[in-house]
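Participant: Going down the list, the protein sequences come from chains G and H. Start counting the first sequence at 103; every next residue gets the next number (my numbering). Start counting the second sequence at 1233; every next residue gets the next number (my numbering).
Check each hint, because a few of them may be wrong.
One side of the interface only, derived from the structure: several residues of chain H facing chain G at Cβ under 10 Å [to be verified]:
no., residue
1, H1287
2, A1289
3, F1293
4, K1609
5, T1847
6, G1848
7, V1850
8, L1855
No lab work stands behind these hints, which were simulated from the structure alone. We put the beta carbon where it would ideally sit given N, CA and C, even for glycine.
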Amino acid sequence: MSVPVTWYLLLAALLFAIGCVGALTRRNGINIFLSIELMLNAANLSLVAYSRQLDLRTGQLIVLFVLAVAAAEAAVGLALFIAVFRQRRTIDLNRINLMRW
Amino acid sequence: MLDLLWLIPILPLAGAALNGALGRRPPKALVTALNVGAPLLSLLLALGCLWDFAHLAAPRFEQTLYAWTAGPLKIDVAFLLDPLSAVMLFVVTFVGFLIHLYSVGYMGHDEGYRRYFAYLNLFMAAMLLLVLGDNYLVMFVGWEGVGLCSYLLVGFYYDQPFPPYAGKKAFIVNRVGDFAFLLGMFALIDRFNTLKYGAIFPRIAANPSLVADAYGPFGLSFASFVALCFFIGAMGKSAQIPLYVWLPDAMAGPTPVSALIHAATMVTAGVYMVVRTNVIYQLAPGVSQFVAVIGAATAIFAATIGLAQTDIKKVLAYSTVSQLGYMFLAAGLGAYSAAIFHLGTHAFFKALLFLGSGSVIHAMGGEQDMRRMGGLKKALPQTYWTFLIGALAIAGIFPFAGFFSKDEILHAAAANRQWVLYLVGLITAGLTAFYMFRAVFLTFFGRFRGGPEQEHHLHESPPSMTIPLWLLAVGAVTAGVAGLPGEHNWLHNLLSPVILHPAGVKAPEHEISALLLALIALAVAAAGIWLAFRVYGDQGTAREEAWAARFRRLYGLLAHKYYVDEIYDRLIVRPLGALALLFWKGVDALLIDGSINLGAATARVAGEAGRFSTTGNVRNYALYFFLGVLLLFLWLIY
Chain G
103 MSVPVTWYLL LAALLFAIGC VGALTRRNGI NIFLSIELML NAANLSLVAY
153 SRQLDLRTGQ LIVLFVLAVA AAEAAVGLAL FIAVFRQRRT IDLNRINLMR
203 W
Chain H
1233 MLDLLWLIPI LPLAGAALNG ALGRRPPKAL VTALNVGAPL LSLLLALGCL
1283 WDFAHLAAPR FEQTLYAWTA GPLKIDVAFL LDPLSAVMLF VVTFVGFLIH
1333 LYSVGYMGHD EGYRRYFAYL NLFMAAMLLL VLGDNYLVMF VGWEGVGLCS
1383 YLLVGFYYDQ PFPPYAGKKA FIVNRVGDFA FLLGMFALID RFNTLKYGAI
1433 FPRIAANPSL VADAYGPFGL SFASFVALCF FIGAMGKSAQ IPLYVWLPDA
1483 MAGPTPVSAL IHAATMVTAG VYMVVRTNVI YQLAPGVSQF VAVIGAATAI
1533 FAATIGLAQT DIKKVLAYST VSQLGYMFLA AGLGAYSAAI FHLGTHAFFK
1583 ALLFLGSGSV IHAMGGEQDM RRMGGLKKAL PQTYWTFLIG ALAIAGIFPF
1633 AGFFSKDEIL HAAAANRQWV LYLVGLITAG LTAFYMFRAV FLTFFGRFRG
1683 GPEQEHHLHE SPPSMTIPLW LLAVGAVTAG VAGLPGEHNW LHNLLSPVIL
1733 HPAGVKAPEH EISALLLALI ALAVAAAGIW LAFRVYGDQG TAREEAWAAR
1783 FRRLYGLLAH KYYVDEIYDR LIVRPLGALA LLFWKGVDAL LIDGSINLGA
1833 ATARVAGEAG RFSTTGNVRN YALYFFLGVL LLFLWLIY
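Taking the hints into account, I'd like the entire structure generated from these sequences.
Facilitator: Spelled out as structure tokens, the structure:
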């Protein structure tokens, strides 16, 4: 027996919602970063689910791309946070408001 | 010699330009040599050209310097010497040079000696361009040039309040006329694609139907439209009703300027232009009649004002306006050679009178009020005799020049059976004799009425001033020979090639006794002089004051020049000023500046409000982004 695609999609939506709320409410840069990763992987999950449902390999291919982009993003993002931390001794986003009027 | 024709206007122009190149403080002798020398060379060249011109087989010489325009519109910078411009050339260079010479003495002590001569040379250049041009555009350049010089020289004493005002007035009133002149030129371009006299007039004369169709907004024929436009232009330059108001105020300039520009040459440019355009005027009988009526009205109107003026230059100014009216009367009646004849004789005797008055003013230390003069005959004998000759000439006493030219005009009016115009002209002649001899008696007869200091200062003017007086006096006596009445009217025969006769236009010829008319005119002039002698002969203005007290209203009306300046001020100047204020304060400052400022203020307020959205907080931006995505999503679904 196979799990219906709806369940995967519901799980993906749940993960996306958690990531979204986390990205919008958290103040710590690393936490926000993790939340974004959560959303990316929610998208990946739905892609894989559709891929199997529709019997198309394209979806799984895109997932590989997303993973690669996410890894690069993580590298750049973490490097940025380290640089910011060295300058300002914090990565609390409420206190990093250099662009403020 | 004729090949050097182009040098005649260029020489004074070079004089004016080199005047500025003389360095910071050139010696006065150098300025004099340059700026009197240039008109002298012009005069000699002009005499040489006229000599050669007189020996040409056909009296016409054209010289094209270069093509001004490209394309279908053909206008050249070109000069034309024909009998009409030859007469003008002689008058302008001869009188112009004498007045330069006179100015050496008159302006000798003036701070602005050098500036004065630069302007005066520039004026000569522009005036010569005006009379020598072979098309209307070259004439117009000269026309505007003399207007500019008039403005500069009227406002010459710029540190006093009135002269700059008078200069502006002269310039602005002239602009009104210039506008109409331009319209006339545009009409000619529209029809003929050229402004060259030699290309337009013969075609019209051969085929008058070319200009007979309706043209313009008022249902006039083409000829009438152009003639009317040009006459309005002439009204401004030659001070005719209703645009004469600038000329009396132009007396604020130095006296030699009044003589040269505002009596002898520039103000006659309008007469020259009308005579030059005679073909078109002959085909526009209605406009010609209008010209004659305006001329006669101006003549008598200005003459009556002249009766009550106390400033010697104002008397001469109104007399100039009046005499210009005479010239237009002649031109309107179709007596074009009479108009040019009077122009020429008037140039001599009016320049003479102005220079004489300048000599008097010079001796009186700047005093111009005739009520404070008197008995100057003894102190200024040469000025007295020459002024008397000028006065006799303008009054029209035989055998002085004014007699012949005025008589020819009155004769033309009578020959045309225009009895009203004839009568107006005759009355004006009487008034002219009266007010001119009023000036003579008040200035030179009786006893001196000025202060003791002035009396001590009285002296005859230096030779550089009296020599031009005598030369002009010779002209005022003898110029009449040019137009002796009858078959041997030299000027009339000379000008006949210029006065074209359009096919189908017949001059009305009525037999009239020339001798009888001449005797009547002479009697009227003599009566005017006799009356002036009875009133002013010995006791100054005493009798005039008695009369003024008895007819206070009438005298006040004349002394205040019929309140025309005041009426213009109320009707035109102030409404225009109010309109200008409205456009300045209302349209420019409020609407235009306001709308720009409103735009700027809107941007600033929007920026002030919008900057609160830029919190600098990344999570806010993320929220906006999220909401945006949500909106897009909703939009996709529905």
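Participant: Given A1289(H) as an interface hint, is the shortest Cβ-Cβ distance to chain G below 10 Å?
Facilitator: violated, 92 Å
Participant: Double-check H1287(H) for me: the hint is only fine if its C-beta lies closer than 10 Å to a C-beta in chain G.
Facilitator: Violated. Min distance 92 Å.
Participant: Minimum Cβ distance from L1855(H) to chain G below 10 Å?
Facilitator: holds, 6 Å
Participant: Would you check whether F1293(H) satisfies its interface hint, that is, whether its CB is within less than 10 Å of any CB in chain G?
Facilitator: F1293(H) check fails; min Cβ-Cβ to chain G is 82 Å, beyond 10 Å.
Participant: Under the criterion of a CB-CB separation shorter than 10 Å, is V1850(H) in contact with chain G as hinted?
Facilitator: Given a least distance of 5 Å, the restraint on V1850(H) holds.
Participant: Holds or violated: is the Cβ of T1847(H) closer than 10 Å to a Cβ in chain G?
Facilitator: holds, 6 Å
Participant: Grab the minimum C-beta distance from K1609(H) to chain G and call the hint holds if it beats 10 Å, violated otherwise.
Facilitator: Since chain G brings no Cβ nearer than about 93 Å to K1609(H), farther than 10 Å, the hint is violated.
Participant: Are G1848(H) and chain G close enough, Cβ to Cβ, to be under 10 Å, as the hint says?
Facilitator: holds, 3 Å
This entry does not satisfy hints 1, 2, 3 and 4, going by the numbered hints stated previously.
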